[in-house]
Amino acid sequence: MCHECDLLIRNQLIEEGSKIECPRCGHVLYRQKHNTIHKSLAFTITALILFFPAVTESIMSINMGSNSQYQSIIEGANILLLEDYYLVAILTFMCSVLVPLFRLMILFYLTFSLSLGLFHSSFFWSFRLYHYVEEWGMLDVYMLGIIVSVVKLSSMAEIHPGLGLWAYAGLLLSSILATHTLNSHEVWQLLRHKKQQQTVNRGIC
Amino acid sequence: MAKSLSHCPIADNQSGKNAGLVLCTECHSIYRFVANVDMQCTCCGAELHQRKPNSLQRTWALLITSIILFIPANTLTIMNVAYFGNDDPSTIMGGVILLLQMGSYPVALVVFTASVLVPVFKMLGIAMILLSLKYKVNLTDKQRIRMFRFIEFIGRWSMLDIFVISILAALVNIKGVAVISAGIAATAFGGVVVLTMLAANNFDTRLLWDYK
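Chains as they are written, first to last, in this note's numbering: chain A, 1 to 205; chain B, 1 to 212.
One chain only, chain A, in its complex shape (with noise of 0.2 Å):
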């Protein structure tokens, strides 16, 4: 069954690297590509790892005259909260950090314990939370918004890039790669195939 327009559609076998499209409405339905969760395992750490440098170090500091001025993440969300923005606070926070460091967490958690072979219950509701919050991760926008303040400020006063500016880009790098390299229907499948087992063991079934 298709998940935008609801066609019923055949299954059948398809060959490794290779995809189904509906034919009513053009979605992806399924690509076949194995092993992505030692892959995405590889590129989440990489993240984690980036991921406190990139929100606490300074990401620029400007210049002007005597002057100078650093910011990381973090202050962007603080100084509006300062300012008494809550709900553009909460907002900035949520999207640039929160939620990027939840999904990246999710994804340790799941990758990790099931390229160990272990299984637990909690996995299907957080992985079913990891993509509902998908929408709201905005690394990447945040870069661009990186780029347009240097852009604005350059006439301003002098620019420098900080320490954070490179785990960011890092930390962007290496979490774009660890949500693309994982196959959400391989999991779904694994994770259904060990809940099966797992009642079939217990003797419920």
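Careful: at least some of the hints might be erroneous.
[Claimed, not checked] From the structure, some residues in chain A lie toward chain B, with a derived Cβ separation under 7 Å:
#1 I74
#2 G76
#3 E83
#4 V88
#5 I90
#6 K194
[Stated by the list, open to error] If you want the ones that stay clear, here's a sample from chain A, every Cβ over 12 Å from chain B, calculated:
#7 L116
#8 G137
#9 W166
#10 L177
#11 T181
[To be verified] Quick look at which bits of chain B chain A covers, simulated, 3 or more residues with Cβ under 8 Å:
#12 23-35
#13 39-46
#14 99-111
#15 153-160
#16 166-174
#17 179-187
#18 194-205
Hints in this document: simulated from the structure, not taken from any laboratory. Note that the coordinates shown come from a computational prediction; the quantities given were computed from them, not determined experimentally. For every residue, glycine included, the Cβ atom is placed at its ideal position computed from N, Cα and C.
Based on the hints, put chain B in the right spot on chain A.
Structure of chain B alone, referenced to chain A:
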């Protein structure tokens, strides 16, 4: 690399709903639909619906709210630049014009696209899809689903302006020389972005094929 295989539907335009089936949109399990029962996926625990409940009403409500919020978002101050004590409040369009005057056309184009074109296009697009469903206008399904996918894809990018403000406000905060602070329109604009994203989320694409 990835080649697409021709895939045959079971019957011509037979939808899962007509066949009495329901798909778990989370984990892709398929179940036989039972009416008047709160169905739950036994695999992943998600609620099962043949169509998202009240999809059209919710989408309309969120869309209308975002259109209303769009007015203060564009007319009020979004950012205030105090340069040596002189306040210089600017609106969204004001910021774009300033970038144009600075001569950075590509960046002006990016900002204009993200903070004006994208929200307008999104709201118009969703309204068009909803109206075309209501009045059964002849748009082909392919056109509509393409439009919707595009809307869903570009939605997040209008957060750009909010991020830029948060970066600038934190960076340029030198008392007496230059202070950049956010304006009230930032809240309204943030609201527009969130509401349009929620509106797109609440719309069930499968309805496009139901109304035939």
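Going through the hints against the structure:
no.: 1; hint: I74; in the structure: violated, 9 Å
no.: 2; hint: G76; in the structure: holds, 4 Å
no.: 3; hint: E83; in the structure: holds, 6 Å
no.: 4; hint: V88; in the structure: holds, 5 Å
no.: 5; hint: I90; in the structure: violated, 9 Å
no.: 6; hint: K194; in the structure: violated, 11 Å
no.: 7; hint: L116; in the structure: holds, 21 Å
no.: 8; hint: G137; in the structure: violated, 9 Å
no.: 9; hint: W166; in the structure: holds, 17 Å
no.: 10; hint: L177; in the structure: holds, 17 Å
no.: 11; hint: T181; in the structure: holds, 14 Å
no.: 12; hint: 23-35; in the structure: holds (count 7)
no.: 13; hint: 39-46; in the structure: holds (count 4)
no.: 14; hint: 99-111; in the structure: holds (count 6)
no.: 15; hint: 153-160; in the structure: holds (count 5)
no.: 16; hint: 166-174; in the structure: holds (count 9)
no.: 17; hint: 179-187; in the structure: holds (count 4)
no.: 18; hint: 194-205; in the structure: holds (count 4)
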